[in-house]
Each structure stands twice: as C-alpha cells, then as structure tokens.
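K.L.:
Chain order of the listed sequences is R and V.
Here the numbering used here is used: the first sequence runs in plain steps of one and ends on residue 1514.
Here the numbering used here is used: the second sequence runs in plain steps of one and ends on residue 485.
Note that these hints are calculated values from the structure, not bench results.
Some hints could be false.
Stated by the list, open to error - Reference excerpt, derived from the structure (chain R facing chain V, CB under 10 Å, subset only):
#, residue
1, L143
2, Q604
3, E608
4, V695
5, G698
6, H807
7, P811
8, H819
9, L1140
10, R1144
Since this is a predicted model, take the numbers as computed values, not measurements.
Beta carbons: idealized from backbone N, C-alpha and C, even for Gly.
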Amino acid sequence: MPNPFDRFNAVPARSGLYDPAHEKDSCGFAMVATTRGFPGHDIISIALSSLRNLEHRGAVGSDAGTGDGAGIQIQIPDRFFRSILPFTLPSQGFYAAGMAFLPLDPTERESEKAHIEEIAASEGLAVLGWREVPTDPTHLGSLALDVIPAFEQLFLADASTTASSIELDRLTFRLRKRAERELGTYFPSLSSRTIVYKGMVTTLQLEPFFPDLSDDRVESTLAVVHSRFSTNTFPSWPLAQPFRYIAHNGEINTINANRNWMRARQSQLSSVLLGDLTSLFPIVTEGASDSASFDEVVELLELAGRSLPHAIMMMVPEAWENDDAMDSTRRDFYRYHSSMMEPWDGPAALAFSDGALAGATLDRNGLRPGRFLVTDDGLVVLASEIGVFDIDPRKVVRKGRLQPGRMFLVDTVNGRIIEDDEIKDSIAASGPWGEWSRDNAIVLKELPWREHIIHTAPSVQRRQRTFGYTEEEVRVLIMPMAQTGSEPIGAMGSDSPVAVLSDRPRLLFDYFTQQFAQVTNPPLDSIREEIVTSLNVGLGPERNLLDATPEHSRQVALTFPVIDNDELAKVVHLQHDGRPVTRTISGLYRIDEGAQAMEQRLAQMCEEVDSALDDGAMFVVLSDRDSNKDFAPIPSLLMLSAIHHHLIRTSRRMQSSLIVEAGDVREVHHVATLVGFGASAINPYLAMETAELLVRSGRIKGITTEEAVANIIYALGKGLLKTMSKMGISTVASYAGAQAFEAVGLSPDVIGRYFTGVTSILGGVTMDIIAEETRRRHELAYGDPSTFHEVLPVGGEYAWRREGPPHLFNPETVFKLQHATREKRYDIFRDYTRAVDEQAERLMTLRGLFRFSGDRTPVPLQEVESAHDIIQRFSTGAMSFGAISHEMHETLAIAMNRLGARSNTGEGGESVERLLDPERRSAIKQVASGRFGVTSMYLTHADDIQIKMAQGAKPGEGGQLPSNKVYPWIARTRMGTPGVGLISPPPHHDIYSIEDLKQLVYDLKRSNPAARIHVKLVSEAGVGTVAAGVAKSKADVILISGHDGGTGASPLSSLKHAGTPWELGLAEAQQTLMLNDMRGRIVLQVDGQMKTGRDVVIAALLGAEEFGFATAPMVVSGCIMMRVCHLDTCPVGVATQNPLLRERFTGKPEFVETFFEYIAEEVREILASLGFRTLEEAIGRREILDVDRAVNHWKTEGLNLSAVLDGPVFAESAPRFNVSQQDHQLDDHIDHTFIRDAAVSLSDSVPVKLFADVRNTDRAIGTMLGHYVTKAHGEIGLEPNTIDISLSGSAGQSLGAFVPRGITLRLIGDSNDYVGKGLSGGRIVLRQPPESPFPSNTNIIAGNVVGYGATSGEMFIAGVVGERFAVRNSGATAVVEGVGDHALEYMTGGVALILGTTGRNIGAGMSGGYAYVVDLDRASVNQAALQSGELELTPLSDDDAESVRDLLETHVNETGSRYASHLLDDWSVTRDRITAITPRDFRKVTIIRNAALDAGTDPDGEEVWGQIMEVTGG
Amino acid sequence: MADPRGFLKTTERETPARRPVSIRLRDWKEVYAERESGQIERQAGRCMDCGVAFCHQGCPLGNLIPEFNDLVHRDEWKSAIERLHSTNNFPEFTGRLCPAPCESSCVLAINQPAVTIKQSELAIIDTAWEKGYVNPVLPDRLTGKTIAIVGSGPAGLAAAQQLTRVGHTVAVYERDDQVGGLLRYGIPDFKMEKKHIDRRIEQMREEGTRFRTGVTIGVDVTWPELHERYDAVIVATGAPVGRDLPIKGRELSGIHFAMDYLVPSNRVVAGESPIDHIDVAEKNVIILGGGDTGADCLGTALRQGALSVTTLAIGQQPPLERPAAQPWPMHPNLFEVQSAHEEGGERTYLASTVEFVGNDRGELTGLVVAETEFVDGARRPKSGSERTIPADVVLLALGYTGIESDAIVNQIQLDLSSRGTIARNRDYDTNIPGVFVAGDAGRGASLIVWAIAEGRAAAARADEYLRGRTTLPSPVSAHDAPIHF
C-alpha cells in the first residue's frame, strides 16, 4: 500500500543497527488567537514572529540551511482565496481547501491529480480547481531541497452543494484517506475550516518560503505555529508540524500501545456520520511520527461527532484516578471513557484548533512548558515560552501557564476564553457517564468470596521444578517480596551471560529486555509522583470507539493488575444472563513431542479462543496449571503473546480481555512483559503458593500466609509501576500491549509469529530451542530420579556458584587480577585477561563471539604508540563518594591523575579541598538528577562535565543513598543532613525532552566554557537515534554504557532485565552518527564490564575512542564482588562509609596505575598484531571483526551479528572518530557584555551596576559571568550585590543558572523555565513591570522547575511560578507568591516561603530544610509523607515567625510586591495563616546535632552518629 | 542471609573446646568436648553471603557454604542437611578430618578470623543424625547395570553411594576385613571414632550398596575377571605407599612406616589383636615428618605411653601467618597446632636425618641429625652440625609416593602417570574403556574432600558411560587443582 510518509523525505531505510522507527522529535509551538470576533492578518504576523523566537527550541541538521521543520495552521483565508483564484468559490464553509505534496515530475503529478479527482468524484465531491502554491526556495538547505515536493492547493465542494463545514470535512476526510492509501498523496490539511502551511524549513524560513503568508489578505482569528527538533538530520516534509488539528511538543511515550490498540479496535469502528470506514483503514498510518498518529485519532473522533475538547479529554485525561478532590461528574466522565481508550501519555504540550476553537493542554504530569498572556484587546498568545512576542506590559491583563492535565481554550466565534473547569464540566455533564458506569461495571470485591485452596508442599515443590525455580530465586526474589512487599535490591553489575548465550535453559522472559526512557522523553517518578500514576485496569470487551452506550461500561474494574487465586476464581465464575462469560484455556502440550506439539497446541489455543468468543466469552484465562509427567506448560509469555497477536490479526482483540494464570511468573520483569504483551491481569499462582509455603514451613516468620501473598502481589504490582515509569508511562492501561521491550536472542520466526513488531537485532533461538528449554526444566521435575534431595537447584545468577551460570568475575579472575596488579606481575595479568577473554569466548558476552580477522600485516610492537598515549583515553566510571568510600574514591582519582587519565566524581559532589588538589581531584564532574554538590565551583573546576541520563545497571531509575550511609562527611559534600537518606530522582527535572537536554548542555557549557560536556546514555535499541539527537544538542562527548554496568544499589529486575550490551549500542551509535554525518563532531566513549585489552580493541573497532572502567579497578583495589554496597557492610572498605570497615581498605593508587598500564600494554600488543600503529587508526574499523563460528552451543545457532558487523557502507573519507568541535556559539552570549563591564569586579572586587534589555532568546543569563567570578574568587565568591545587574523584558530559560555569590540579577518582566537552576550563592529578584495592571500573586512570572538543585543564594519572586518549584534545593532561600504542582520535591535544605496558592503534591521526598506556606491546604501536601509522619505540619514557632517576617520584609523591599506588602502589614493575621512544613528526621537530627554543639561534643562523632541512627532508623 | 551485619556484631572466632589433655590422653575418644549451645548459630551468622563465594570455590566438593551457614544461623537443620548432603555424601568425615581450605579462602579471612565453616558442617550432620534426618535414599527403579568399586575409602564410598542411588547395582571390594580404607585404620579414633563410619555404611547397605570385604582384587579375583563381570569398574585403591628414607642404618629394627604403626594400633583400639602391633610404651619415639600423619603418630604414641616423642621436620617451621607467596584465597602452609601437638612431644624443624644408629643387635638406638641448609634451592644437611638423638622407634611419616601398582599393571595394563598414579583424562577415564579411577589412586595422596569430590565426579562419569547421559553432579574434573597462580 502506498504511504504518504514514505515520500518527500530523506530518511534512510533500515540498515545495520539503524532503524528509522526509533526516530523521535520534539519541539516548540505557539498558538495565537483573538476574542475580538473578526479575523486579521495581524494574528498571522504575531504567530510567525513568535515562531521566529522559538528558533532555539528547534534544531538544524548537519547542513545548516535545513531545518527540522516548521509550519502554521490558520483558518481558511477566504478573502485571499476569493481574490486570487481564477475560479469561483461557493460561500465560506461550503468549500474545502488543502495543500497537496505532489511529485515534481509534471506527468506524474498530473496523473496523481487525475486520480485524486476520480476519488473525489466517487466520494461525492466536486473539484473546483487546483492552485500552484508560490514558494521561494532561495534560503532552503540542500538536504531539504533534495526531497522537496511540488505544492498545489486543491479546492473542493460537495457535489450536491449541501454539505458545509464539518459535514463537508467528513467527505474530504474520506477523499484524503483514500488518496493516502491508494496514491500515497500527502495533504498537510484538507478542510473547509483550516489550512496548514508547513515544510522542511527553519522558523526563520517559513514565511519567506510561502509568500502567501505575507499577503495582507490572508487573515485568521487564530493561528498555531510549530518548530521541530528531530533526533536526526534527515529531512521529511510530511513530518513537519502543525498537523491537521494539533501541534505537539513532547513525546507520546505510549505510542506503541496506542497504535496497536487503534489497529485492534478498527474492526469495532463504525460511524453513521463517516460511512463505511474500511476503505480508509488503517486509521493510524505506518511510518508517521507519534504526533501525526495522535492527530489522526483526534481527527477521527472529532469528525465522528465528538467536540475537539471532548476528543482531547478522552485521549489525554487528567490524573483523575488518585484525585479525590476532583468533581465526581468529571471523574465519572473519565472513568467511563477509560473503558474505551487508554491514555495517550507522555510529556506533551498540545495546541489544537478546529478553526473556531483554539486551545492547548498539557499531559497529566505537566512535563512540558506552556505560557500564555492575554491583552486588554482580546489577543491571546500561548507558547512554549513567554516573551516570544513583544507586547506593551500595560496592555497585558493576565499571564498564565498551562497546568498538568488542564485545558486552555479560546472560542474565537463567541469571543471569549473558556476556562478549564467550564469546558470540562460542560463536557462531563453531556452524558449519563456515571450512571452507566455504576449500572454496568463489575467490582470484584462485591462478588461472593470463594473457599481458598491450599496446595501441599510436595505439590508446590514439584511445580517449582517444572517452572525452573532455583533455591536462589526463592531466597533472593520471593522471600524479600513476601516478607516486606518490596522488590529485592542488589549491587554491582551483571556479569553472567544473557539468556541466548547461556548454555542452560532460561525462561522466555529473560530474552526480553525492558526499554527505558532517555533524553527524548523522561522516566517518571512513580514513588514521589505517584499521584499521576494508575494501576487500574478495566477487564472485558471494548466496544465501538465512535459510539457511547451503557454497554461500554460493562467491564470488571481492577485496581491492581496482579490478582490472587481467590480473585481469579471470582472472575472464572462470572456469569452474565445466567451464562458463564469466562473461558479458561489450557496452555499445556505433550512434552515428548517437542516444539511441534507446542506449536500445535498454540494453534489449537487460538481456535479455542475463537470459539470462546463466538460463544460470547468476555474474559479468557490462559492457564498453565495442571502440568504433569506427560504435559508440560508452554511458557506463559509465549501463549499470551500468541493469542494476543492472533486476535489482533483477526480483528477480534477488543472482544475480550486476556488473563494469565501462570506458574513461571515470579519477578517483576515477568509481570511487566506479560502486561506489555497484552495481558490485562496476571495470577502468579506458584509464586504465591511458594510464599505461603515459606510461611507454613517457618522460613518466613511473623506474618500470615495471607499477608505474604498480599505482599507478593503488592511488590509485583509496584514493581510493574516502576518498570512502566522507566519508560515514562504512568498508567497500566497504556503500558498494556505497548511491547516496550526488545528481544535479545529470539529468531525472526518466533518474533514474526508470536511477538510481531518487537525489535530483535541479533536473531536467535527458534521454537525448537524454546521447547528444549522447557523440556530440560520439565525433566527436573519428572525426569530421572537422580535428584535425591528435595532441595531445588542452587541458582547462581545473583551470586557466583560453581553449578550456576559462569560470571566474568569469579574466584579465579578476581584473585589473579588482584595478585597481578599488587605484585606487578604482567605474566599473571595475562593469565587473568586470558581467563576473562576465554570465558567471554565461552559465550558469556557478545564480544566473545567476535574474532579479529582481516589480512593486515602485523607491525613491530615498538612502532605502536606508547601505553602512555593510550592511557589518555581511559577513565574510571562514575562512582559517587557516598556509594564508595573516601579511600576508594581518592585511590582512583590519584591513580588517574598520575596517569594523565580521568576519574569521575560520580553524582556525590566533591569537597572543595579535593576539588583544588591536582593530585586528588576527579577530572570528570558528574551532573546527575540529584544535583548533589553541583555548584559553580564544582563546574568551574571540571575538565569534563558529564550529564548522567541513565545508568547501565538501572536505566530509567533514580538512586538512593540510604540513611545509614549518609555519614556527616557525606552529608557535607552532598549538602544533606547526616543520617537522612538522599534520593536521586529518576528524571532530571530540567530534562523532559531533547530540547531540554540541549538547554542543559547550553547552561553547563556556559558554567565552564573550557569543559567538555558529556552525555551518558545506556545501550538499547534506538540509542543511536538518541545519540544523534544528543549530538545535535551540542554535547561534546557521548558515552554509551552497557546494560551490565555496576551500581551501589538497584532493584534486581533492573540489574538483570533493562538495557542491552554495549556492543549493540555502540555499534548503533557509530552507524547512526555516521549516517547523520555527525560522527566527526563528537567523541564516543564506552563502558560496561570492560576488563581486558581485547575488550578495548573490540570497542575501538566498533567506534569508540575513549573507554571507561569501573568494576575492574575496584577489584584491583580490593573489591571481591560482595554485592552488598547498598548495605554499608563492604568487608574490604571499598563500598562502605563505616569507619571500622574503611580501615580494612587495602587498595593503593599504584595498583590501579599498574592495571591501566597493563591494559594499555595489551592493547598495544593487539594493535601490533592487527597492523595498527595507533588506536585511532583502529577506530570504527569494524571490518576487522568477524564472527568466530568455532564458539557455539545449542542455543547460539541462530544468532546473526551482521547488523553489528555490516550495516551501512560509508565513504572512506567519512570521519569515523572525532575530528572537529561543536559550534557552541559561546561568543553570542549576552554575558560577554557583563564580563567586560564588570572587569573591575572580577579583578578587584569593585561593585558595579549594569543594565540590559533581554528577551526569551537570551538564555542562561549570568552563568558565564558566574564562571569568571568563581574562577577569580573561588568558593566564597564576592560580597553580595557586587555585580548588580538590572534586566528588563522576558528572560530566556535558565536565568541565573549556577550564579555564585556576588552576582545579583534583577529582572523586571518575566522569565521562562529553570530560573536559578543550581543557584550557587547569587541573588535573583523577579518582579512584574510596575505598570502591569494585574496582581502579582495570581499571575505567572516564571516557568517550571525554578531553583532546581540550588545550593545557596537567594531568590525573591514577586509572582507565581510553574510546576516543581525548588526541587532538590539544598541551601538556597526562596520567596515566591504562588507555585504549581510538586513544589519542594526532594528538598534537602534551605528555606522556601510560599506566599500564595500551591498545586498538588507539595514536599514529596522532602527530607530537609524549612518551608513555610500561607493558607496551606493539607490535601495539597504529599499524602504518603503526611500519613507516614515524614512531613510535619505545624504553626510557626516564635523563632520561625521572626525569620519568616524578616524574609517577607526583604521580599517586599526587593520586589516592591504590593501583595506581599499587605501580608506584612497584617503580620499578626498573616503569621497565623502560615504553616511550617518540616521533615521529621531533619528536625530530629538537627536537634541532636545542636544539642551536641551546645554540650561541646563533636556533632560528627560516633556517639552523636549513634543517636542519629536511632532516630532515623538507619 | 539472615543478618548482613552479623560479622560486625560477632567479631571473635569461637570453636568447640578440646577436652583437657590429661583426661583425653587416657582414652581414645575424640578430643572435642560437647558443642556449646548457641555458639555455632552465632558463628554461622558471621558468614557474609558473598557475591563471589570463595569458600565455595575453595571446597573441592563445592559445598554450598553460604547457604548452609544461613540455615544454621536460622536453626533450620533439616534444610541444612539436605543442602549439605546435596554436595557432600559424608560430612561427618570431612567435618572431622578436613583441613578446611574453605576457611582459608573465606572472604572474611582477608582481614578477620575466618567463619568456622567446618564447625557448621559438623554441627549440621551431627544434628541430622541425632534428629533422625539421615535415612536411606532408595532408587525408584534399578538400571540393571552393575559396577565394581575397588577400595572402600572416601572416594570409593562416595562413588558407590552416588551410583547406587541412581539405580545401579554396586559392589564395593575391600581387601581389609572392614570397610573404610584409610578412614578405618589410618585415622586414630581421637580424630574420628569409628562409629561414624559404621553408621554411614549401615545407611549405604540399606540403600543397596553391597560390600565385599577381605577380597583383594588382583589376588582373590583378578582384574580381568572383575572387568568382565561388571559393566564398569572404578578403581579407588588409594596411594598408600609411604616415602622411604634410604639412608645408612635404614635396615635397623625399630624403623617403621607410619602406616605400619598406625594401622595395628587402630586395630587394637577397635578391640582386635593384630600380630604386628607396635607398642611404644616407655620408648623414645622419633617421628620423621611434620604433617598430618606425623601428628596422628604423635597422638597415638602419647596415648600408648611413650617416654618421649620428637617430631623432626626437614623444612623450616611454617609461618604463623599467611606468607606473601601464598596470598588469599590460597590454602597456605601454616604452623599448625593439631590436638596431638597440644598433648606433648617436641617439634624440631630444619632437621635433616643423616643416618640411623643402632646397636650390634641390629636395633635402633638413635639417629644422627644435622641442621638443614638450603643450597641452590635444595635442602641438605649442614656439615658440622650433626648431633645424635637417642631413639628406640622411628616412624617414617614422610608422605606417600603412589599406588601399589603391580597387579593392575600386570593384569590389565592400566597406564600409569609419571607420578606413579593411574593415568586418566579429565573425565576419570583410564586407558581401558569402562575402567575409571578416583581418589588418591589417580590424584596421589590428597585431602579427604578431594577424594569424596572425585568419587562423586567419577560416579557421574561412570553413569554417563553406562546410560549415555547423567544427571549426577560432577564437582571437579580429574585435572582440577586448588586455586593458584
């Protein structure tokens, strides 16, 4: 079938590891509308002008002239068309118009047009005429020009001349869809109401390219503009935005599920209004972007009869599930519609218009910015940023922001703004949703209970063997879950083989690795921001999406996707009209007939499901119960996915829900894969029976069997939530069927038949092998009676055991590595590397499959570059001081400094004394989501600054330093409280999208222009695309980490099941960067279980030029892989803060130096043997690698590494490694004038006062100046206000980021996101212009994420700010007059005074500092923290009152806020209105330490530490 | 693991007390007193459940040490014995006799006293016997295959038990009148009382293993006959030939190989009256060799009432602490105070015996010993440092040189290795199909854990040979060695 998205683009086909399906984009947009009631060209001018000021949110490709795309949507310019067209138009609304992208070749074009006209005729449309659209390609880039289409506008009317407006659009919709399907024609729009002009242009080029847009006769009351940032440099005309209804900034994380479900529900679709839809399918076109797919569904819903706001509410519902405060009618609306469609979830700001209404909304979590202003003459400008259009402040009557889940709507026909509540209340009241739900929904709790069945111990044990349970799994996975209800935690990386390389039977689940969000979309914080998540599931059939009936509600409402046996029994016994509606289908097959029997049984199961559906079954239970000697269970994931895809193929998927009753399910990953492949509910019966048995046999004490089962279910469910969160998906409904996994080691045949659509780069095992794995497990239960002992197999996946899987680090390799480096014995070192390399070749790693080939002549060793030169390319991994001991950390730093290589601070900051010590400093300073100790000083003294987007051991997750490891010296460096745990959030709260990363790179580069900026990514399918986007974001270095990297603490399911080996990610990054012609700008680093010279050379051949090592140098220093870093019990003093244990540390820098010298020496030897004189010559020479067919076992037959080794072909001259620099445009920064004008302050501390006008394109104001202040004046900076800068206008993002003490920024106007990010002692004052007519406490003045990671300094903000105020503030003082959701999250220190309204979820994860809020609503505080007592709400004490009053006075003095001034005037009343929010542990620890100080004892001493541990429970 | 901080709470290593020397010298019973209640649970709690369990590597059997320590700590004795028996057929032997290389490689031992792993093992099996957890494990059905095992030491017994349990019909041949090999008559009762062997043999009999004592293969039944009568043969005859010291005066009476002394002594303890019994009461005894056998001779001689017992070792006194050349986790050669050493006697190091001195009746009266000096790495007596020590009896405990090979080589032409043991590949195959070798007969004199491990592994190989595949565990290959660099 022709596809419009295949045309007019230069996106390469899939090749090697590059897959265009991974491409992402994100952007900025603006919407302009007027309530004055008549259209004008001015609206278009304002929109285009706004667009030009969003340029920095977009991007340009490798060829500077080619933008990623821009466009505009406006009303049909009737006056313009009427005056220029040679043919007559019917009256407005009775004709439709739209631009088509047509072939340049005249013959082809005419033929295509003729076909279009034929379709039009058959759909009852009359073609009025065509118009060639004038364009001016003068400034277009060559890449865009290469694939440019011809532009012609088509004009149509209803052949019977009756249909107008939306009715006419229903006809043109049919025409357009058919033209897309039959001809591949792309129409940006084809409507009687709106028209879109868009293309592969930059924001600046749009208007000149389409001269129509400059014509005064082109008029509208509304306009939506968009600027695109794509992760690639390949132009694609159809993918520019806006689309027909929407413009989108962000990313739909759930897009896979949404597309799959749309495809599945197509068969149910029917609409009287739209006629027979089958010729228009698929609704969602292949190859489109997430935004384009969203648009196609909005369009369908709108044309089928729902209003545009109604459609948007269905697709992007607010977080209603946990919001008890929400109006019940509205909740009913959402509940009812949740039975029809899962949320389209992800960071999304959406602007939309149907030609009459123009609006915008945000995702439920508010992860994108949106700001608006309203003038006294009815103009509304809404954009990703404030300040995109200059307006006299006196005319502005209102400034606001888009809020999470909220809608903002302008009705241009009736001339008014409709507020969120009004529009939603009216839509919520438009149907009896609540009544329908209540009458029809089935609630399990209300069904009669059934008798619980208890299985005997031998039965449980027999089945444990059948499903391959090991003793280790019972002990390490199930016991902790059953005891505590939480997921088990482990430490250090995974160094055992992935499933396909393991020569033992593995569960099918193990062949799938979890995808996770990095850079282009954020992971969520499922713990601290739980309010936006939902585990609700509706079980049962779905009905026609385009209709609404009571029947739609007939579903079982589950609040948790994991159900116990009794709940399952209830579902199984459900009846409707006296007939059972649940069918259980058995997933067993004859074990002795192998794969064939398994496949036959799967086919039969499909038939049985079909007949069940024919009989009206609403619920299908797929069960592997009752296996016996002859019949073995089919892997549950296989039977589920087989049925799921069968039903999708036969278009019956929506007729029932699939429930899995499975014995093999026992960890979070298993539940996640089942839900991801379409299960609605899971009954892990054997895991629960195992837990019951553990209690009955006394191995678990102190809880009942019921509690143990409840704990298992809770742990699995919460773990699922966390797994979803890693992908940035907040509801189970949208995770179900999303297939957010990639396969490592499954054959194309298995994927194609049973796991359609899943990426499986390497090929791998067939059904025969899957059956053989099952057979081997089955044999353990029913085979030879040689297993005399009743115990299960030992395991050995999480800790090395002889009979378990091999581990790269085992007693022999650890011993030899330690001995070799300690005794300086290169011969033993070679024994070590030989042992590791041989193990690798025994198929423990992908690189083990490679061998060096080629016919290059070896060179003499002495001609190869020196070990010293090679060592310059080495660094140690990011391990924080906190995770590892002071001794370990310094040992690495000293060794690397002596070698001229680089160590990494990790995310724990660095003490100033080390920072300034050339021997003990770490050259690489990491910036992670916790921003611990990230100050101007820290950044200024970095050689490299590394942004950690993800960590190999637990991509998509944050970290936690437990309270017992936060010793006083750690607390000082991280600016926390001793004895109070420190959390790193899963996302960087200033990176929710690729353009945000670009902004952080921008900020950090200005915080230290000399430092290289790294971005650390984790290998997964699509990481190449992300890397290309990161390269466009102007990072200097990209680090690809393998999935197996180490960690101080991580949930075991992440350690084992997320990410892929670096071999894949690195090769993909290299190929994709080269395809995009961006490789030369970037340095590519790799790390993850690097252990030998061979590892280094293989990485170089695959494209890496720098190499990181972490575990190996730790082992050199004494680490013996205890894997207890998280417990603070490391017995060799490596990963502990316990002083007693630290004394046992035996590492020395010399040992580490020896290690790197030996590695480099080995690299030299291999290079010599391969005929390379330098490592550089070897980089990217993948042709030297070949697959060693000699290494093989029963499972590896089907592996195919050609994607890694072959891939796209490049010119010999194409750069394979870094050859040039990024253009950081440092010279353009506004700070240069300040640096010049403040020269006397920098040199002699003389105070200066400076002035400047600013606009939104002036970003990170003060940051570079701050760098020079810090450089000259060190940690203390200058006296406050020494450099006093007054600014006027709308400041760009990151105003005052990292500014140190001595700098004051006073802005009159307003500012965008990230004000005071990482504030390091400076002062920031924000106020509205005095002439502004509106009150400061109800209008927005600064954007989201203000004061993130601030460490000291002051902010006085006379106005309201957006979401996530003062997140992870650790020492700054901030006053503000109103905040959005999630304020004070993770705050660990400092002071916040909030004088006005707040959003939801205040203080989530807040563990330190002082916060005061006027008129605090208890319900808006994080409920978990309140219930557990972690946060205490109290009236002001006298001491507090005094300091708060002082602060308020300063605020009034600095900002002149009239609102604050009133509060001060009424101080006695105000005081009573203020509530103090205090973290309990922080308060207790502060009391203890102060008492110690008073008593003259050492607050950092052992005695006080003991007291602290007692109160914080560490 | 029950308590990750256990090793920080319990920092002292505690082992069961030995009975007072004066009392234990009066009997032949085991030297250890009753276990103190709670001690072993506490000690097992020091186990750190390491990510890389070096102890588990250090043990040739691959004992699941972290697992059983945890179970001991939690008082779960039944699970503990199941776990322990899954890797070790005879923990009651190893728990008493093994020098515990596991403890040498214990991670805690890097900087703290090692976990008392051996005591955990012993406590588990003793408790299991006490509580009746040790029962015969009967095969579901028999394979119809027959196997002869020659030698009833730990290797032979382990192989026999494994093979019997998978359904083979196993006959164990022993030339002595009682089963046990070295365990039975080589080891004095004060180290291990013989009831432990009897109890285990009883279990094996009930499982179906057949024992044929008093049958010498090669004499009563020839090797070819044996090979013909059975589907497979496992040779586990040990390496009992002692190292001699052929110097001047060796022919004097009163000079004995240690085994020639120990075996009859142990028979006497067992209530027999062997004709070759050597009683050293009221005699001056010199033991040549500072190893385990020497210590066994020492304890035996002291109990017999020797006038004096002197142990002469040619080498240096081993260090008290781990030497740099034997880094953790290697099993170091350390100065050891075995129970016998506590009981009396004198230990002299760097003593090179130059000649034995006798009277004209051909009886030993003393020996001439010189200080050892090292020249080019070789040890030799330092001239001029000779002195004479009076001696009535000299016991040669200088190690073992190999197997008694005549019959095997002559009758079925088994290849021998350069070390005088039976040659074999990694999988315990000899040069004759269907004949396997396990234990000291293949490895040379070694530790009891190696013998049991080899017995288990050779059983797996024999099972595979007979049935084409096996599910029996194979903890070590025939060529495995302790960790070294």
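K.L.:
Against this structure, judge whether each hint is valid.
P.N.:
Verification of the supplied hints:
1. L143: This interface hint is violated because 52 Å lies over the 10 Å limit.
2. Q604: violated (32 Å)
3. E608: This hint is violated: E608/R lies away from chain V, its Cβ roughly 36 Å from the closest one there, beyond 10 Å.
4. V695: With a closest approach of 14 Å, the V695/R hint is violated.
5. G698: With Cβ-Cβ at 8 Å, under 10 Å, it holds.
6. H807: holds (7 Å)
7. P811: holds (4 Å)
8. H819: holds (5 Å)
9. L1140: holds (7 Å)
10. R1144: holds (5 Å)
Hints 1, 2, 3 and 4, counting from the list given before, are not met by this structure.
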